[in-house]
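The listed protein sequences derive, respectively, from chains D and F. The first sequence begins at 578 in this note's numbering and counts up by one. The second sequence begins at 578 in this note's numbering and counts up by one.
No wet-lab data here; the hints were simulated from the structure. Keep in mind that a hint or two might mislead.
Identical copies look the same in the list; a pair holds intra-copy or inter-copy alike.
Below 20 Å or equal to it, Euclidean Cα-Cα: the simulated DMTMM-like pairs (lysine to aspartate or glutamate) are [what the hints assert, rightly or not]:
1) 871 <-> 835
2) 616 <-> 805
3) 843 <-> 861
4) 639 <-> 605
5) 890 <-> 814
6) 886 <-> 805
7) 886 <-> 846
2 protein chains.
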Amino acid sequence: MDSNKTYLSKAITLIESTLASHQQPAQELIMRCLPFSGKSIRIGISGSPGVGKSTFIESFGKFLFGKNYKIAVLAIDPSSNRSKGSILGDKTRMEELSSLQNVFIRPSPSSGTLGGVARKTREAIILCEAAGFDLIIVETVGVGQSETAVHSLVDFFLLLLLPGAGDELQGIKRGIMEMADAILINKADGENIAKAQIALAEIRNALHFFRLKDSEWSPVAELCSAKDSTGIPEIWDVVCRYIDQSKSTGYFEKRRIEQYMQTLYKSIEEALMTNFLHSPGISDGLNQMEARIKAGEISSYQAANELLKLYSK
Amino acid sequence: MDSNKTYLSKAITLIESTLASHQQPAQELIMRCLPFSGKSIRIGISGSPGVGKSTFIESFGKFLFGKNYKIAVLAIDPSSNRSKGSILGDKTRMEELSSLQNVFIRPSPSSGTLGGVARKTREAIILCEAAGFDLIIVETVGVGQSETAVHSLVDFFLLLLLPGAGDELQGIKRGIMEMADAILINKADGENIAKAQIALAEIRNALHFFRLKDSEWSPVAELCSAKDSTGIPEIWDVVCRYIDQSKSTGYFEKRRIEQYMQTLYKSIEEALMTNFLHSPGISDGLNQMEARIKAGEISSYQAANELLKLYSK
């Protein structure tokens, strides 16, 4: 397996490459790997900086290693920069886990737009699965739109919070709690336990207001201490319950197909828009239209028509 | 003003018309009206069927009429169909209000996509403002994406709920509470009052988790009884406080420009995508790609590239 890890690293480096000459072989590689992909459980993990994501992934990963899972940890962090030590970039943060056989840890691509990073990560998942990894963890920091990107890549979305959630949560982007299939209050240890209990009650009450419409899963909130490795088996039970339920209802497969089709449509939409924005005269036209809209001279729809006329020329 | 109402009705009928020969004059009319538009306060009102939207708008409208506002009530309901009596279609539901001078009530366009209905409504707002209406109410039912459409049209978004919110709320589409600038628990009268008090506490606690990031407004929850006209002046005070605050921070103007620019980009994106989807071979190609994606033969990105190649031919 360790030799696999070396090949896998090289393969991911190939698909991350921006060299024109690498694109064709990269796409061929993905094509070859696709038939062997899709068999893993994909878990997204998010939380604000300082919530203890790495420590949690270390404990969670070691627990799953004990259950003979082959674990790959990937990261989405468009702001990352290896030289500055991105999330997962600083390997020492997951020293023990990364030293384990059958565990593969890969930092976020060091640059690129969120869309680009998400794409590379989606392709990396395919490669990891083809290489035999059956549990993929995608980590992201609670910034920008990165959770939405991760949510579109995974089967189960886990949000980590700190005790004192009421206050903490206000720092959390709106809509993230709604994406979570489970919320874990980390650092529920020592003096924090009382605060954590209160936070748990608050969050369970708030979750009451977030019923998923599409899956029949009601989001779960639990306590854990990544440091003391408490609450780890419990959260794994939650994940298993979710996977079993969503597979039995057919939602698991349905959701993945939806993710793929959404990605298809989104990629097309982005390509069409990029092509539009880079067409001659459009950027000047947009500036003019923006000015005219602000001046109340033209409606958004009229401005759109003007620009589309210009484009079709 | 009543003669205005007749002209206004005719003008809105013109912009709602799908006749090719009406498009040019309709757009000219909007151009002419634009310089006189934008001076009103635009309030969106949403809530599940049975929550008492019409009764609330009747009480709220009569209260504002007493404050010498000229009120126009529009509706967004893509599912509506006049013959079946759409929201606001059944005028008797707002008999008193609609009989008042300086009050204009217009049902939702009787057909069309949500995007189309939203567009017609946005254009109707321009005409109403140009006709001198200085308080625009846009009503929608809590179904599908219509709240998002209304939210993109208004300055202030008001969500109506019923007592027993915990249960009620689960019927509400995720994300709607997050759009609300204020939540009103209606029918807080008679035997309902105790239940309404509990619901109010629950909702206030939940709102604690929805801090708007862009405006500095914290959503407010109050009780009201549209039937007994209690809580009406209080909610108007909330609206005024919001408007004053957002105008003083500059958010009011900023938000409107953002709405216009988002509409501009969205219209362009939709036009590009529609054009793409109607190009020769694309719909067949999409079906093939979907099958190949499901079969795990091709990635979403590769499928997108194939289709874009086909399109550019």
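Given identical chains, is residue 886 near residue 805, meaning Cα to Cα at most 20 Å, within a copy, between copies, both, or neither? Cα proximity of residue 886 and residue 805: none, with 63 Å in one copy and 54 Å across.
20 Å Cα cut-off: does residue 890 pair with residue 814 within a copy, between copies, both or neither? The answer is neither: 59 Å in one copy and 52 Å across copies each exceed 20 Å.
Check residue 616 against residue 805 for me: Cα-Cα at most 20 Å, and say if that holds within a copy, between copies, both or neither. neither (31 Å within a copy, 60 Å between copies)
Taking 20 Å as the upper bound on the Cα-Cα distance, should residue 871 and residue 835 be classified as within, between, both, or neither? Classified as between: cross-chain Cα gap 10 Å, same-chain 38 Å, threshold 20 Å.
Since the copies are identical, ignore which copy is meant and state whether residue 639 and residue 605 lie within 20 Å (CA to CA) inside a copy, between copies, both or neither. neither (34 Å within a copy, 68 Å between copies)
Intra/inter-copy verdict for residue 886 and residue 846 if alpha-carbon distance must be at most 20 Å: Both ways: residue 886 and residue 846 sit 19 Å apart in one copy and 14 Å across, limit 20 Å.
Checking an output row: residue 843 and residue 861, CA cutoff 20 Å. Within, between, both or neither? Between. Shortest inter-copy distance 18 Å satisfies the 20 Å Cα cut-off; intra-copy 26 Å does not.
Violated hints, listed in ascending order, are 2, 4, 5 and 6; each of the other numbered hints is respected by the structure.
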